[in-house]
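J.: Sequence:
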Amino acid sequence: MYLFEMVALRQGLTAAGVKVGIATSVRRGTWDLAQIYPVTEQAPVKLTPEQIALLQLFRGDP
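Residue numbers (my numbering): 16 to 77.
No lab work stands behind these hints: they were computed from the structure. These numbers come from a predicted model, not from an experiment. Glycine is no exception: its CB is placed at the ideal position from the N, C-alpha and C atoms. Where hints are given, some of them may not hold.
FRET-style restraints, in silico, Cβ to Cβ [to be verified]: (1) Thr29 to Pro59: 14 to 22 Å; (2) Leu70 to Gly27: 20 to 28 Å; (3) Ala68 to Val22: 16 to 24 Å; (4) Ala38 to Leu69: 13 to 21 Å; (5) Phe19 to Leu72: 21 to 29 Å.
All chains, please: the whole structure from these sequences, using the hints.
T.: Below, the structure written as structure tokens:
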């Protein structure tokens, strides 16, 4: 799961000369920094244990 700060994302894309539209590409590093689940050290927000448990319900593991 990823959480982007849209103003900063759009400004970064525009500054890089990327045309923002329906199928805009976002660099891998930007995705990595926006990942909130599975939990990472660089996540832009920290999930509570309850939030993590609820997200784990979507994993599809038997």
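J.: Next step is simple, just say for each hint if it's right about the structure.
T.: Here is how each hint holds up against the structure:
1. Distance hint check for Thr29 and Pro59: the Cβ-Cβ separation is about 20 Å, which falls inside the suggested range of 14 to 22 Å.
2. Taken as a hint, the range 20 to 28 Å holds for the pair Leu70 and Gly27, whose Cβ atoms sit roughly 26 Å apart.
3. Between Ala68 and Val22 the C-beta distance comes to about 31 Å, which lies outside the given range of 16 to 24 Å.
4. The supplied range of 13 to 21 Å is broken by Ala38 and Leu69, whose beta-carbon atoms lie about 30 Å from each other.
5. Checked against the hint of 21 to 29 Å, the C-beta distance between Phe19 and Leu72 comes to roughly 23 Å, which is consistent with it.
In summary, the structure is inconsistent with hints 3 and 4 from the numbered list given earlier, while agreeing with the others.
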